[in-house]
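Work out the full structure: start from the sequences and follow the hints.
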Amino acid sequence: MSARYVPVGWNASKLVYDVVLLAAIGLYIGVFLWLAPRFQHVTLPLDDYSARMAAFGSCAFLLLTMILCIGPAARLDRRFLPLLYNRRHFGVMTTAVALTHANAALDWYFSYSPLDPFVALLSGNTSFSRTHGFPFEVFGIFALLVLVLLAATSHDFWLKFLTPPVWKALHMGLYAGYTSVVLHVAFGALQTSRNPLLAVVMTLCVLLVGTLHVAAGRRPDDPVVQPPWVVAGNVASILEGRAIVVPVPNAEPVAIFRHEGHLSAVTNLCAHQNGPLGEGAVVDGCITCPWHGFQYRLADGCAPPPYTEKLATFRLRLEGDTVLLDPNPNPPGTYIEPLPIVMVGPDPTISGPSDKGGRVKPDHDAGESGA
Amino acid sequence: MRLGHRRAHRWIWRVLVVLLPAIVLGAVAIRPSGPLEAPAIRLSPP
Numbered sequence: 001m002s003a004r005y006v007p008v009g010w011n012a013s014k015l016v017y018d019v020v021l022l023a024a025i026g027l028y029i030g031v032f033l034w035l036a037p038r039f040q041h042v043t044l045p046l047d048d049y050s051a052r053m054a055a056f057g058s059c060a061f062l063l064l065t066m067i068l069c070i071g072p073a074a075r076l077d078r079r080f081l082p083l084l085y086n087r088r089h090f091g092v093m094t095t096a097v098a099l100t101h102a103n104a105a106l107d108w109y110f111s112y113s114p115l116d117p118f119v120a121l122l123s124g125n126t127s128f129s130r131t132h133g134f135p136f137e138v139f140g141i142f143a144l145l146v147l148v149l150l151a152a153t154s155h156d157f158w159l160k161f162l163t164p165p166v167w168k169a170l171h172m173g174l175y176a177g178y179t180s181v182v183l184h185v186a187f188g189a190l191q192t193s194r195n196p197l198l199a200v201v202m203t204l205c206v207l208l209v210g211t212l213h214v215a216a217g218r219r220p221d222d223p224v225v226q227p228p229w230v231v232a233g234n235v236a237s238i239l240e241g242r243a244i245v246v247p248v249p250n251a252e253p254v255a256i257f258r259h260e261g262h263l264s265a266v267t268n269l270c271a272h273q274n275g276p277l278g279e280g281a282v283v284d285g286c287i288t289c290p291w292h293g294f295q296y297r298l299a300d301g302c303a304p305p306p307y308t309e310k311l312a313t314f315r316l317r318l319e320g321d322t323v324l325l326d327p328n329p330n331p332p333g334t335y336i337e338p339l340p341i342v343m344v345g346p347d348p349t350i351s352g353p354s355d356k357g358g359r360v361k362p363d364h365d366a367g368e369s370g371a
Numbered sequence: 001m002r003l004g005h006r007r008a009h010r011w012i013w014r015v016l017v018v019l020l021p022a023i024v025l026g027a028v029a030i031r032p033s034g035p036l037e038a039p040a041i042r043l044s045p046p
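As they're listed, the protein sequences go chains D and P.
The numbering of the first sequence is my numbering, which starts it at 1 and goes up by one.
The numbering of the second sequence is my numbering, which starts it at 1 and goes up by one.
Treat the hints as calculated values from the structure; they're not laboratory data.
You may find that some hints are simply not true.
[To be verified] From the structure, some residues in chain P lie toward chain D, with a derived Cβ separation under 7 Å:
(1) Arg7
(2) Trp13
(3) Val15
(4) Val17
(5) Leu20
(6) Pro21
(7) Ala27
(8) Val28
(9) Arg31
[Claimed, not checked] Ranges of calculated distance between the beta carbons of each label pair, as one might list FRET restraints:
(10) P:Ala8 with D:Trp108: 35 to 45 Å
(11) D:Pro249 with P:Ala8: 11 to 21 Å
(12) P:Pro32 with D:Val16: 40 to 50 Å
(13) P:Ala29 with D:Pro82: 36 to 46 Å
(14) D:Thr126 with P:Pro32: 14 to 24 Å
(15) D:Leu33 with P:Arg14: 21 to 31 Å
(16) D:Pro228 with P:Leu19: 40 to 50 Å
(17) P:Pro32 with D:Leu197: 13 to 23 Å
(18) D:Pro306 with P:Val15: 37 to 47 Å
Every residue gets a Cβ at the ideal spot worked out from N, C-alpha and C, and that includes glycine.
As structure tokens, then:
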């Protein structure tokens with residue numbers, strides 16, 4: 001299948017998301033420029049240019065920190081999922097803010113240089129052997145290149161063109177970019193700032209990002225299983241409209257959904273960006289990915305027309321109230337009759353929130369910047 | 001997310017959760033103390 005460019009499909013949720021984000025960025029810059037002169041040190045008077053540079057630089061760092069927090073936070077607590085929905089736009093705006101910071105720096109430091117500003121930037125300071133006065137700009141340049149690369153490839157065209165595994169690996173470059181930003185600030189602003197607030201905020205930010213990722217990574221994956229039929233769990237543990245995720249040795253996990261008294265199993269990987277389908281819900285009779293709202297039919301794993309994505313399906317069997325799974329995947333799009341649940345005695349299952357919300361419009365243009 | 005990516009994520013963040021705070025705290029520890037630049041001297045007009 002060839003990759004085809006599809007323009008960004010705006011919807012009301014995306015517009016609200018972007019307007020709120022833009023307003024927050026504007027408010028931050030305004031408040032920073034208003035407050036910064038009140039905290040300037042007597043030995044380091046803050047001019048307008050430097051204040052603007054610091055305002056956009058600190059804003060980009062905080063936005064980047066938030067982007068990196070959204071993924072693990074949503075994994076630990078579903079209430080953060082709405083933030084994940086349009087994270088790609090978050091990333092693009094962060095890149096724009098970082099570029100404004102870089103532009104302000106070039107303007108201010110090299111306006112009067114006889115050299116080209118970019119030449120002056122790269123050749124002005126070559127004290128790589130010193131800690132004080134280390135050319136911290138190189139870390140900023142590297143981080144900026146990473147951000148621009150990720151923003152430029154965040155559209156779904158690139159996701160399809162590069163394939164999800166390659167695209168995902170490329171976007172893990174954000175971790176190197178973030179580390180580079182931390183080094184940029186550590187060898188730059190932290191060396192000259194006399195205000196302890198910067199060091200405190202930096203420490204809290206990096207601790208928050210790291211702790212959230214480690215905590216999300218420690219989340220238990222599930223019960224051990226054995227081939228050919230494997231024990232997937234108790235049927236009562238699957239809430240109506242929700243799924244359990246069953247790990248399969250040496251293969252991707254399988255998500256088993258319960259909907260209107262039937263069970264269906266598909267791969268846990270969304271065909272869009274390998275999102276965790278098992279953490280999603282059944283909305284309007286379709287499995288709905290928690291990341292970008294891509295939808296698939298329960299019986300055959302196919303996205304409803306006009307979309308063409310397909311998931312691998314799996315066979316299921318019930319032994320009493322134990323769900324058994326055949327971990328060998330069927331070809332994507334294979335129809336498997338949903339397994340009716342025949343329960344002895346009252347069903348202890350608590351109803352989930354499925355089918356109560358409106359249809360989730362598949363977010364077919366949205367990629368994501370970051371993890 | 002694929003198993004390989006998830007494992008990579010876990011390892012990367014196990015390193016970064018230590019490395020990033022160490023960079024910040026190390027930078028604070030090595031920064032020079034005292035004023036970096038002399039205050040601007042303003043002469044009164046003759």
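Hints and how they fare:
1. The beta carbon of P:Arg7 comes no nearer than 9 Å to any beta carbon in chain D, farther than 7 Å, and the hint placing it at the interface is violated.
2. For the restraint placing P:Trp13 at the interface with chain D, the shortest Cβ-Cβ distance is roughly 4 Å, inside the 7 Å limit, so the hint holds.
3. For P:Val15, the shortest C-beta to C-beta distance to chain D is roughly 9 Å, which exceeds 7 Å, and the interface hint is violated.
4. Of the supplied interface hints, the one on P:Val17 holds, with its beta-carbon coming within about 3 Å of a beta-carbon of chain D, less than 7 Å.
5. Hint on P:Leu20 holds. Least Cβ distance to chain D is approximately 4 Å, under the 7 Å limit.
6. Against a cut-off of 7 Å between C-beta atoms, the interface hint on P:Pro21 holds, since the closest Cβ of chain D lies about 5 Å away.
7. Evaluation of the P:Ala27 hint against chain D yields a held restraint, the C-beta minimum of about 3 Å falling below 7 Å.
8. With 7 Å as the threshold, the beta carbon of P:Val28 comes within range of chain D, its nearest partner Cβ sitting at about 5 Å, so the hint holds.
9. Taking 7 Å as the C-beta cut-off, the interface hint given for P:Arg31 holds, the closest approach to chain D being about 5 Å.
10. A C-beta distance of roughly 39 Å is found between P:Ala8 and D:Trp108, which places it inside the suggested range of 35 to 45 Å.
11. At roughly 19 Å, the beta carbons of D:Pro249 and P:Ala8 sit within the given window of 11 to 21 Å.
12. One distance hint, 40 to 50 Å for the beta-carbon pair P:Pro32 and D:Val16, holds here, with the actual separation near 47 Å.
13. At about 40 Å, the beta-carbon gap between P:Ala29 and D:Pro82 stays in the expected band of 36 to 46 Å.
14. In this structure the hint that D:Thr126 and P:Pro32 lie 14 to 24 Å apart at CB holds, the actual value being about 20 Å.
15. Hint check: D:Leu33 to P:Arg14, Cβ distance near 39 Å, so the stated range 21 to 31 Å is violated.
16. A hinted range of 40 to 50 Å holds for the C-beta pair D:Pro228 and P:Leu19, which are about 44 Å apart.
17. In this structure the supplied range 13 to 23 Å holds for P:Pro32 paired with D:Leu197, their Cβ-Cβ distance being about 19 Å.
18. Range check, D:Pro306 to P:Val15: Cβ separation about 44 Å, and the 37 to 47 Å hint holds.
Consistency with the previously given hints fails for numbers 1, 3 and 15, ordered from lowest to highest.
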